[in-house]
Amino acid sequence: MSPGKVLERLAQLVLVLLGVSVIVFLMITLTPGDPVQIMLGDQHVTPEQEQALRRDMGLDLPLPERFATFIGNAFQGEFGLSFFHRRPVAEVIAERLPATIELTLVALILAVATAIPLGVLAAVRKSTIFDKLATVTSLLGVSMPGFWFGILLLLLFAVNLQMLPVSGRIDFAYQVEPITHLLLVDTLLRGRPDAFVNALSHIIMPALTLGLPMTAILMRVTRASMLEVLAQDYVRFAEAKGISRRRILFRHALKNALIPTVTVAALETGTLLGGNMIVETVFGWPGLGRLVVESIFVRNYPLVQTAVLFYALTYVLLNFVADLLYTVLNPRVKL
Amino acid sequence: MTSLAEAPESGRDDGSPLARNLRLFAGNRLASLSAAVVLAVVLMAVFSPLLAPHDPYETDLFRRLQPPAWMQGGEWAYLLGCDALGRDILSRIVYGARVSVFIGFTVIALATTVGILAGLAAGYLRGWVDVVISRLVDVLLGFPYLIFAIALMAMMGPGLQNIVLALAYKEWVIPCRVVRGETLAAREVEYVEAARALGAGRIRIMLSEILPNILSPVIVVATIRMANVIILEASLSFLGLGVQPPTASWGSMVADGRAFMLEAWWVSTFPGLAILVLVLAINVASQGLRDAFDPKFHD
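Chains A and B, in that order, are what the protein sequence lines are.
With my numbering applied, the first sequence covers 214 to 548.
With my numbering applied, the second sequence covers 100 to 398.
Only chain B is shown next, with the shape it has when bound in the complex (with noise of 0.2 Å):
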């Protein structure tokens, strides 16, 4: 049989587009310094035993709640200060993007595997597999996010594990009906026809044929729902309902430093701080993506 990514209609020949999308997010200076952020962050959650510069679980109560060092009492041997229990707040930092990005990464890549199957499921089987899947999309959207990732870590209990569980229950229904839409489309294009008349299988239309084709949109919806699911992650630990202690997670580390609000800002602020400014790096570096990728595609 002829190869099907050979023929000119399957519109991937060329495996140029890829490379003309990459050059235009490269030529977006904002974006690109965003992606090195949050590239810097990654690379700081997989060498921080390297980076960190003291046992981010090493408590000494003589440096209770001591102040970044560029205040009175502080020190540079302890850059951003210490929290109540005397632990580096950097070392903290710098272990705590394990958590997020362990998190970020992980429910995305599990998510966007089951939404790009049961997208392409129900968008190119239709009947009773798509009403089924459409049917369950709608009710996890009938839930506040927030609301059922609390509910669920309830009833699971707290746990890295059960963080990425309860969020991949619901997050998986954003990519499906990307997936979905988009294979509702691409199933009566010609490549697609020629590859039926050929005698092509389901699952290797979907999987050879279709799902080449449509990636572009749920690479962009997965980066900008990153962003979303650290959030996510950092409140249900700031709730005490996440990661738990001595672990360091920003969103924990948030929560411990409200008590300590009037004598030592410097706690709640600095993980907070991290937190933003990796989101905000996705952010920006998604948008720019969406830009390259498809000018006119709106989240």
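So that you can see chain A by itself, here it is in the shape it has in the complex (with noise of 0.2 Å):
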């Protein structure tokens, strides 16, 4: 790929990213209500004291202006005040952020870790009965609403079997000391395989409903493309000369089959973080998704908005990374 194509890949992304800032800004503008009297609550104030609010928080300023002053906010992390926290918005997402980065991480290696091995045995074994078995559960996969099958983890493990916690990241009693943030990984970098367990055994539920729907989806699309290698002449020549079909499938046909499972799975994450606020309202993680939906209740504008923003900007990212990394891998594509 030649720096000048990946330059105008990276044009097109500034164009991308500046439409999703227009559409964020106009969805702040266009909402119903005074932010204004919204901020001010029942507090009662001289009209000119709220003139003088209206005039700080620039919403006297024509729209084109306003849009500026925005974009030159959002360039250095100013996106206002949480009305709710009365702290800034970028400090309150930001404490929220790492337990929605570690339940994404989880539930995108358990899908990928899933997904592969079940997507090559359906192809290797196609029109058997296990093949049948994965077509179903993929369906089943995709066809299930996220919160239901939340909420029947939760009977199961959490009520009936009481194997699991119903809520939360960790017990109180196992809190360690921040390095990460992360608190799988914290708990390992201080030595506290307790808390570990305690920290994984609360993670599971919301992590499998999470990444279920990108486990049906890689799952349908490693088992086509396996199919579809294995069609291909070198497989083929490699089995006339008598090559292991072991060694046929590692070596030889599985590195071009994940070609797309690899796309697929950079641009499904950016579909998790959507999940992120369904998964985390049913198990009450504490992330920036249940931050999001709390907020939208106590009409929390300045934080709706920069966290729409925030994710739309990383789904733009990724989907930026995932076309990338498609030609990254399959040399035969030109961007």
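These are calculated hints, taken from the structure and not from any lab test.
Note that beta-carbon positions come from the ideal geometry of N, C-alpha and C, so glycine has one too.
One or more of the hints may lead you astray.
Said to hold, decoys possible - Over 10 Å on every C-beta distance to chain A, these chain B residues come out as not near it, computed from the model: (1) Asp159; (2) Ala168; (3) Ala176; (4) Phe204; (5) Leu216; (6) Leu251; (7) Val263; (8) Glu292; (9) Ser334.
Unchecked claim - Computed spacing ranges between beta-carbons, pair by pair: (10) Arg163(B) / Leu369(A): 20 to 26 Å; (11) Glu441(A) / Gln260(B): 18 to 24 Å; (12) Leu283(B) / Gly497(A): 47 to 53 Å.
Unchecked claim - Here chain B is said to cover these stretches of chain A; the calculated rule only asks that three of the stretch's residues, wherever they fall, bring their Cβ under 8 Å from a Cβ of chain B: (13) 505-511; (14) 522-534.
Once you've looked at the hints, go ahead and assemble the two chains, each given alone in its own frame, into the complex.
What follows is the structure in structure tokens.
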């Protein structure tokens, strides 16, 4: 891939990011209700004080100027005050972000670790009962509403079997001094296996719920691309040469079959961000997704808008990475 | 002017591909069964006042969290039990189908219409029209779907009409992309060139010549997407951002039952099962439709 093409894609990326910012800005501007009144709540102020606050918030400026200020502030990491917390929005989001990142990563790992072997097996044992079972499972996976699957897991493992905790990230007795703010990593770094197990027992159900649709999709993709690769001439040639089935699968076929899987995994990681809001709500997970849902109900708009901007930017960047990854892994594709 | 529809190059003179595709679809037993399930849910939604055994809004605190009929304390008149306000769960599921079916069909109809028009314009007219539409599509694809819908619902407030808008604002980009791609290929085909040579106008070429020939993938995509839209609506209602009480919606019924999970599992379980059955049936039927319409078509 030539540097010129990468630059072209980067220019497109900047354009999309700008467009995303415009839409988020318009969401702010077109929201019914006066932000000043929302911020003041029940406080009684004079019209002059109200006007001063309006000026401070830049709401008296014309729309293009407000957009320029919004972008300028965003570049400096200034997103205003969270009405509810009375603290900068960026600070509140940064506090909740590690829990969401940790949950997303564990869901991603679980999905990839389950989907690839099952997808390969389904392709290798095409049209057997295993393949049919895998197809049904993957169909169920994409059709299952995440919030309901989460509730079923809670009913089974937390309420009936009482094997796993209902909510939260770790029990109070196991709190550890943060290093990376990712609890599973921190508990290991601090040499606390008991706390690690406790944190793992908290994250397993939310991660399974979040990763379920992704597992289903990756399984389908892996199966389809493995079947395609297995029908290629070079695989037949290897078979004709008498190379063992296992060697053909792992040394030759899998490497090529995984190209679409890796790309789709990168794309689907962005989709996991949306799923976080549902899963964190079901499991009381103290992450950004739950914070956003809570903020909607207390009309904490600056926080909601900043989070939406953050999610969208992350999503766009992940899509860009997926694009690059595809071309890097598959030299035949040119951007 | 000779009717262009009669030209042999048009590829739609015999009318048989659709019939053949439908025959292929009917031959797929699982897909046909799934289509029958979808049809049954649609009929249930339409005739819910006749089918529901009880008034879905009638509360009876003596029946608060009454278990399903086969459990101790249950009664056959209230087959799936009652919720925390003593309302019949089965009746609410029957009425709840109205929300899912209405949102699913309305959003897809609206988004597909807009997507077709935008995709045809972008693919056929090219130039600045294509640039503007394609960039807008890129920008909207830059938002994770659920987050975009949640943000819009937060801004617009809950309600049936707002859910339709919040979902359709982003949904149209999917048919638009499909139609644009198909149109780009179709505009160079002989029958379109023949129509141009015969002096047909741009709108006529787009709507009468290209559109009928690219409908198959659009129909397939629309059915696949409907399952997604129904899950999104249920998710919004689950979060409390969708249809508001006391209107019965499957997503909000699941949410209502969360608080009583320890004592009454049935309150959340049955509405969730209803969502799963409908979405699964749509997914299986759309897969059958895809295989029948174009075996090489991948989602």
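Unsatisfied constraints (hint numbers, rising): 6, 9, 11
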